[in-house]
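Student: Go by the hints and put chains B and C onto chain A.
Each chain is listed here by its residues.
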Amino acid sequence: MYYIEQLFNGITQGSIYALMAIGYSLIFGTLGLVTFVYGEVVVFGVFVGYYLYAVVGLNFGVALALGLVVTWGVGIIVDKVCYEKFRNAPRLIMLITTIGFAIFLKSSTQIVFGTQQRNMPDILGHVFLNIGNFRIPFIQILIILACISFIIGLQLLLYRTRIGTALRALSMDKDAAFLVGVDVDRVIKFGHSLGCVLGVFGGVLLGVFYNAINPIMGPNIGLKAFTATVLGGITSIPGAVIGGLILGVMENLTVAVFSAGYRDIIAFILLITVLVIRPSGLFGRKLES
Amino acid sequence: MMDQVFSLIQKLRAKSVYFLVLIGIFVLIFPQLTDNQYILHISIRILIYMLLASSLNMIVGYTGQYNIGQAGFYAIGAYTAAIIATRAGYSFLLILPLCGIMAASMSAFLGFPTLRLRGIFFAFTTLGFSEVVRLTILNWRTLTRGTFGIPGIPLPEIVNFQISTNNHFYYLGLFLLVVMLFISHRLINSRIGRAWVAIREDENAAKAMGVETFKYKMINLMYGTFWAGIAGGFFAYFAGYISADSFILDESFAILAMVLVGGKGTLVGPIVGAIILTILPELVREIARYRLVIFGIAILVMVHYRPQGIAGAKAEGRRIDVEKEYEAGISENAVETTAPGN
Amino acid sequence: MESILRTENLCKYFGGLKAVQDVSINVSKGIIQGIIGPNGAGKTTLFNVLTGTYNSTKGKVYFKDRNITNFKPEKVTKLGISRTFQNIKLFKNMSVLDNVKIGFHTQTKTKMLDAIFHTKTYKNDDRICEERGQELIERVGLSDLKEEFASNLAYGNQRKLEIARALAVNPDILLVDEPTAGMNHIETRNVVELLEKLNSEGLTVIIIEHDMSVIMNLCHSILVLNHGQKISEGSPEQVRRDENVIEAYLGREE
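Residue numbers (the numbering used here), protein chains in the order written: chain A, 1 to 289; chain B, 290 to 631; chain C, 632 to 885.
For reference, chain A alone in the conformation it holds in the complex (with noise of 0.2 Å):
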């Protein structure tokens, strides 16, 4: 009974973590941007939100929406001061300038926003849907339903927009997008911009489902986000998806078998389990030997 209820806890929190994967996954799969401040924008992100709604006053929905506006502003940020000008170095060079971010946002967020933990605003945590023998939380299938509905919009975007199409034809070959008239800066913004907001939804998601959001949890974040996508195969967006569902069952499963300060570990030891079995993932290119 618990181990069913904690592996539906699992599936919701997969959830989330999936929809951070997504937006990794078009950042540095589709894309092929390095990034380590994935995390980090996120947190901070959440906490605009969070701030507008706790301490401005604000209707969730606008703070959240404002929130979001933010993070898209911060991701074009990003973008100009780790990415532009290094759009042809080696990729080396976008891992210093987003550990140099990383390292600065987290603390400024943490100054601006203080290092203690947060509640969230307790939305439907007291409504339960019985199934039979079993209590599930119905905030746990708004979730779950929310983090659905992003996947199924993202693949509107990606295949029925004339953005998604850029997007995808700067995955496969920078150059010829460019070449058949593509702003190719204009589209990694936005692609890393959206990448970033889908994390942030995850965020809120996330502290909807822990009641809890801390401005030290970006490293947190941006290491799941990253162990999801590689699980699932870098190249590919449904692979994150499976990849994210996998890191929350098997974190819930290890709690609820172990204790709960392991919780962290598993996303590490699922990483390296991946790295030495198999790098490519379950569903990217077998990488060259």
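In case anyone wonders, no lab produced these hints; they're calculated from the structure.
Accuracy of the hints is not assured; some may be wrong.
[Unchecked claim] Derived pair list, reagent style BS3-like, types lysine-lysine, alpha-carbon separation capped at 27 Å:
| # | chain 1 | residue 1 | chain 2 | residue 2 |
| --- | --- | --- | --- | --- |
| 1 | C | Lys689 | C | Lys709 |
| 2 | A | Lys85 | B | Lys603 |
| 3 | C | Lys754 | C | Lys740 |
| 4 | C | Lys777 | C | Lys740 |
| 5 | C | Lys777 | B | Lys603 |
| 6 | A | Lys80 | A | Lys189 |
| 7 | C | Lys689 | C | Lys706 |
| 8 | C | Lys751 | B | Lys504 |
| 9 | B | Lys300 | C | Lys777 |
| 10 | B | Lys603 | A | Lys80 |
| 11 | B | Lys504 | C | Lys703 |
Tutor: Frame of chain A; chains B and C shown alone:
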């Protein structure tokens, strides 16, 4: 104006022998010049950071692998010393090398799967590792006393001489640093050091010249983390009490910043970085809060305007165009794109 | 003549792209073998598979009758095959001398302890690297530039350095990829003379080139590739008159 400062630094480097002697003398007599325990304490902290930054520089600056979790190895060294020293009466001389060996062994586990792949995998893994070490310290209470930390680390004794004052620790720390720099200097100017730099410059070309790149990356990683472990051991004895708080991610970031800002790829770069980034927050108390914000900005500024850091080796790596797993072969002019070894 | 390097139906596919298709060659010891073909013909890819930089999709590579297919590049080099690169892959931030010294890696033995304690092994290796390094640098005519960073060299000199570095490996067979690209007549002639001299001393050379005069004058045997496949093979006279070659690749006499 900055250009003038930099060219001054270049000129100074050229006259390095005289300079080194002067600095050497100053450094040696320094503790005799002051009784201020606070200043001595800071100096020892700076020495530790010099050791840490230098150890990281061996990895980042010579084979070009980005290790952003050096604090994890620092922690392993510290806890090795703390645990063994407080539970068994072994001597300092026996324990200290063990600290380095433990750290190096752990890095071997880490490096084995990740050094064959592209740099970003290694980087993320080290980040995760740093946190995993910290979490393990917090959770494995029977071994580490969890959040309470380990107090009562005895003072080191070297052949009947008790190291007890700040002065003693200063000279001990200085000695470790000098030994490290000496050994590193010898390694760098040898076949091994050249292999490392070749890997940094162009891993595929290095392979083509017969360098077993994976093996040398492993050796390099283990060497760099060995010294982080030593620094940790020294720190444990110096502080007398350690806890997981000293090994948070921010420490890893600070050490990395010292290497990137002070200069990577030279022996003097991390020394400069450690001095600047430790003294600055001390001198200007108001900005101590913003320490890491400034470090982050400093790294970004460096990458944009002076990628080698203040006193580093000019190392821009190689020109690579878009890199995809399958792309090579489409045009004769495409750069080789074998995925492992970026 | 003894075969030193041969391939059997070697294939390299990248997904749907057949970069090298069914290429079988047999290079005799002591000759200069040329490989020509239009851009995109698969010449460099072939080099990459021969040296282990790429794994072969199908087919085999034999060096001195030993199957070396899919051996790692480090191992291939140690066995006696050395190469230069079409896009010059020098170690930019190392001096000319240090670049060459890397080439001696497989012939030196210094380990960590040797380096730290300056043992006899270290001193011996150091001496070898210095002396032989200087020799090689003189041989290609770069003596005055030996302390210069590789990235500061003129293009022609960079190519020479790459050759010197490849020679440091002391190979039985040298693969050079467009060594005279971007060179003027004098530099081209220097490289040709160097290769001829090395060949006369027993080095087998495989050379990819676009400069027809170099190929025709230097090579004993020529292989022609197009679209990854072998379309002709033989002596310079035979190849020159082969209709397939003329059709696929109109060589221009420089």
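Student: It remains to establish, for every hint, whether it holds in the given structure.
Tutor: Quick rundown of the hints versus the structure:
1. Of the supplied pair hints, the one linking lysine 689 of chain C and lysine 709 of chain C holds, its CA atoms being roughly 24 Å apart against a limit of 27 Å.
2. For the hint linking lysine 85 of chain A to lysine 603 of chain B, the alpha-carbon distance of about 19 Å falls within 27 Å, and the restraint holds.
3. Simply put, lysine 754 of chain C and lysine 740 of chain C have alpha-carbon atoms about 11 Å apart, close enough for the 27 Å limit, and the pair holds.
4. The hinted pair formed by lysine 777 of chain C and lysine 740 of chain C meets the criterion: a straight-line CA distance of about 24 Å does not exceed 27 Å.
5. About 18 Å separates the Cα atoms of lysine 777 of chain C and lysine 603 of chain B, which keeps this hinted pair within 27 Å; it holds.
6. Restraint check: the Cα-Cα separation between lysine 80 of chain A and lysine 189 of chain A comes to about 9 Å, which is no more than 27 Å; the hinted pair holds.
7. Our distance criterion of 27 Å between C-alpha atoms is met by lysine 689 of chain C and lysine 706 of chain C, whose separation comes to about 20 Å.
8. Distance check on the hinted pair: lysine 751 of chain C and lysine 504 of chain B sit about 23 Å apart at the alpha-carbon level, within 27 Å; holds.
9. Taken as a hint, the lysine 300 of chain B and lysine 777 of chain C pair is honoured in the structure, with Cα atoms around 22 Å apart against an allowance of 27 Å.
10. Distance restraint check for lysine 603 of chain B and lysine 80 of chain A: the Cα-Cα separation of roughly 24 Å lies within the 27 Å cut-off, and the hinted pair is therefore satisfied.
11. Distance hint between lysine 504 of chain B and lysine 703 of chain C is fulfilled; the C-alpha atoms sit about 13 Å from each other, no more than 27 Å.
The structure shown violates none of the earlier numbered hints.
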